[in-house]
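Please work from the sequences and hints to get the whole structure.
Each chain, written out:
Number of protein chains: 2
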Amino acid sequence: MSKIILANTTTKTYDRALKEKIKAENVKLVNQIVEFQRRMYSDGRHNLLIIFQGMDASGKDGATRKVFSGVNPLGIKVHAYKKPTDKEFAHDFLWRIHQNVPQQGMIQVFNRSHYEDILVPTIEGYFEESYIEKRYQHINDFEKLLIEGNNTTILKFYLHTSKEEQLERLTERIEIPEKYWKHNDKDWETRKKWDSYMSVYEQIFEKCNQPEWHIIPSDRNWEKENHIAKIVLKAFEEMDLKYPALDSELFKEKGM
Amino acid sequence: MSKIILANTTTKTYDRALKEKIKAENVKLVNQIVEFQRRMYSDGRHNLLIIFQGMDASGKDGATRKVFSGVNPLGIKVHAYKKPTDKEFAHDFLWRIHQNVPQQGMIQVFNRSHYEDILVPTIEGYFEESYIEKRYQHINDFEKLLIEGNNTTILKFYLHTSKEEQLERLTERIEIPEKYWKHNDKDWETRKKWDSYMSVYEQIFEKCNQPEWHIIPSDRNWEKENHIAKIVLKAFEEMDLKYPALDSELFKEKGM
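Each protein sequence line maps, in turn, to chains A and B. The letter at position 85 of the first sequence is residue 85 when you use the UniProt record's numbering, and the numbering goes up by one with no holes. The letter at position 43 of the second sequence is residue 43 when you use the UniProt record's numbering, and the numbering goes up by one with no holes.
Simulated from the structure, these hints should not be mistaken for lab results. Hints may contain errors.
Because identical chains cannot be distinguished in the list, a pair is counted as satisfied if it fits within a single copy or across any two copies.
[Claimed, not checked] Only pairs whose alpha carbons sit at most 27 Å apart, straight line, appear in this in silico DSS-like list of lysine-lysine:
1) Lys-182 / Lys-23
2) Lys-144 / Lys-134
3) Lys-144 / Lys-82
4) Lys-87 / Lys-77
5) Lys-234 / Lys-66
6) Lys-87 / Lys-144
7) Lys-242 / Lys-87
8) Lys-186 / Lys-21
9) Lys-144 / Lys-207
10) Lys-242 / Lys-179
11) Lys-23 / Lys-66
Following this line, the structure appears as structure tokens:
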């Protein structure tokens with residue numbers, strides 16, 4: 001069965017008490033992330049790349065804001081990938097991606113990523129299938145380089161909103177004045193190709209599964225944030241982060 | 001037999017008439033390169049990455065100056081790689097390389113390259129062998145990305161000077177005041193490890209041979225330049241470069 005269908009996102013009904021409980025838990029999780037990030041920064045042997053993919057209005061911005069609020073801005077960067085510029089188009093598709101990968105000690109968030117360079121060309125038919133097939137391999141090679149070559153931990157999240165929930169969110173953007181700025185005609189065009197997107201995503205999950213994709217039920221933001229925060233914390237725990245020992249010729253005798 | 005030993009660089013004796021003939025030919029070859037580069041720039045479907053490797057004083061700067069003199073500076077960039085900075089060290093070793101790869105229409109010259117990241121760590125024993133082995137694979141994957149992902153033509157040149165010729169050139173740098181600026185104590189240290197360098201180069205030629213390495217006899221500069229220019233021209237010829245047709249709505253009727 002497809003990974004996406006397994007994600008439980010079809011209902012918004014929930015227990016109010018549960019919601020409050022999860023939201024309280026999220027506050028604690030975020031505090032732990034803040035602490036872990038500080039340790040990763042001083043440790044200097046690890047770095048974290050967070051990839052957020054998802055359909056329009058799936059809450060990628062919100063996930064970044066909520067899960068990483070409180071992290072020292074010195075230790076985190078966010079890059080949102082748009083349609084490539086002329087200059088970017090004049091290079092291989094990973095050129096602009098590589099420029100923004102995290103350096104040691106840092107968290108880097110990608111709001112959309114190199115996976116767009118498979119999604120859009122496949123759905124719009126910009127390239128031959130055999131050419132796109134090569135991109136899957138290039139991506140796998142590239143992610144391997146980051147992992148082996150700089151000890152990067154890559155966490156890939158697909159934020160899955162149901163088609164009904166997307167309709168509700170896009171509609172708000174043309175009905176609520178405070179949300180007008182989020183509206184984009186193109187989102188409604190893309191929505192028509194929903195099934196095609198799902199099918200390409202399934203291929204991506206299958207062919208680029210090292211490291212694996214996390215499919216996050218995202219109709220309820222507090223649930224989405226809870227899933228993501230827990231996965232981030234697990235990754236931090238596996239890094240075995242340490243505050244480094246004192247590195248000093250002057251104070252060697254302290255034995256620190 | 002090793003590729004390097006096969007390169008005929010052991011004698012500086014030559015026919016003066018031959019030298020004049022080759023130098024006159026070089027002028028013509030360089031002019032052809034200038035013309036081809038102009039066409040590649042306007043064509044916009046190809047780009048060229050030139051990699052120069054070689055021991056100290058093997059004439060990498062000179063090769064760049066002589067073979068590409070006259071090329072419109074708009075269409076060519078040169079990047080010399082030094083010891084990585086702290087910021088570069090905080091990324092995978094190909095991070096700084098990827099930033100400087102050519103965009104469509106351009107020639108990019110690398111004076112030293114990602115191959116230094118195999119040479120130096122192997123000889124100095126900075127990493128485990130198994131880790132360096134991964135770098136060979138990362139380099140092959142990366143070069144494949146440039147070729148498949150942006151239609152880059154990669155020409156790899158090893159400029160081979162004999163050990164005797166290097167001694168002569170390094171000695172000039174401590175005896176001729178106009179050449180003092182080229183002197184570096186470290187070159188004499190590296191020279192002691194000549195055989196180790198040759199053996200790592202042999203491994204590089206073998207493991208990273210797609211695209212292949214060109215071993216250029218470089219004791220005589222005019223001979224070196226002649227070899228390089230011919231290989232560059234051959235690469236241009238294989239690109240099948242064209243000045244593009246007129247792209248105009250206004251002047252469509254001209255049928256250009």
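Self-check item: Within, between, both or neither, where Lys-234 and Lys-66 count as close if Cα-Cα is 27 Å or less
Solution: So Lys-234 and Lys-66 pass the 27 Å test inside one copy only (18 Å; across, 56 Å).
Exercise. At 27 Å max between alpha carbons, let me know whether Lys-87 reaches Lys-77 within a copy, between copies, both or neither.
Key: both (22 Å within a copy, 15 Å between copies)
Quiz item: For Lys-23 vs Lys-66, is the C-alpha pair at or below 27 Å within one copy, between two copies, both, or neither?
Solution: This pair counts as within: shortest intra-copy Cα distance 11 Å, inter-copy 68 Å.
Exercise. Give the relationship of Lys-242 and Lys-179 under a CA distance limit of 27 Å: within one copy only, between copies only, both, or neither.
Key: The answer is neither: 43 Å in one copy and 50 Å across copies each exceed 27 Å.
Quiz item: From the Cα coordinates, with 27 Å as the cut-off, is the pair Lys-144 and Lys-134 best called within, between, both, or neither?
Solution: Close inside one copy (15 Å) and across copies (10 Å); limit 27 Å.
Quiz prompt | Lys-182 and Lys-23: within-copy, between-copy, both or neither at 27 Å Cα | solution = Cα proximity of Lys-182 and Lys-23: one copy only (25 Å, versus 65 Å across).
Practice problem: Evaluate Lys-186 and Lys-21 at a C-alpha cut-off of 27 Å and name the case that applies: within, between, both or neither. | Solution: Neither way: Lys-186 and Lys-21 sit 37 Å apart in one copy and 64 Å across, limit 27 Å.
Exercise. Pop the pair Lys-242 and Lys-87 into one bin, within, between, both or neither, using alpha-carbon distances up to 27 Å.
Key: Close across copies (21 Å), not inside one copy (41 Å); limit 27 Å.
Practice problem: First find the shortest C-alpha distance between Lys-144 and Lys-207 inside one copy, then the shortest across copies, and answer within, between, both or neither for a cut-off of 27 Å. | Solution: For Lys-144 and Lys-207, both the intra-copy (14 Å) and inter-copy (19 Å) Cα distances are at most 27 Å.
Exercise. If the cutoff is 27 Å on CA atoms, where do Lys-87 and Lys-144 land: within, between, both or neither? Let me know, please.
Key: For Lys-87 and Lys-144, the Cα distance is within 27 Å both inside one copy (26 Å) and across copies (21 Å).
Exercise. Give the relationship of Lys-144 and Lys-82 under a CA distance limit of 27 Å: within one copy only, between copies only, both, or neither.
Key: Classified as both; 24 Å inside a copy, 25 Å across copies.
When each numbered hint is compared with the structure, violations occur for hints 8 and 10.
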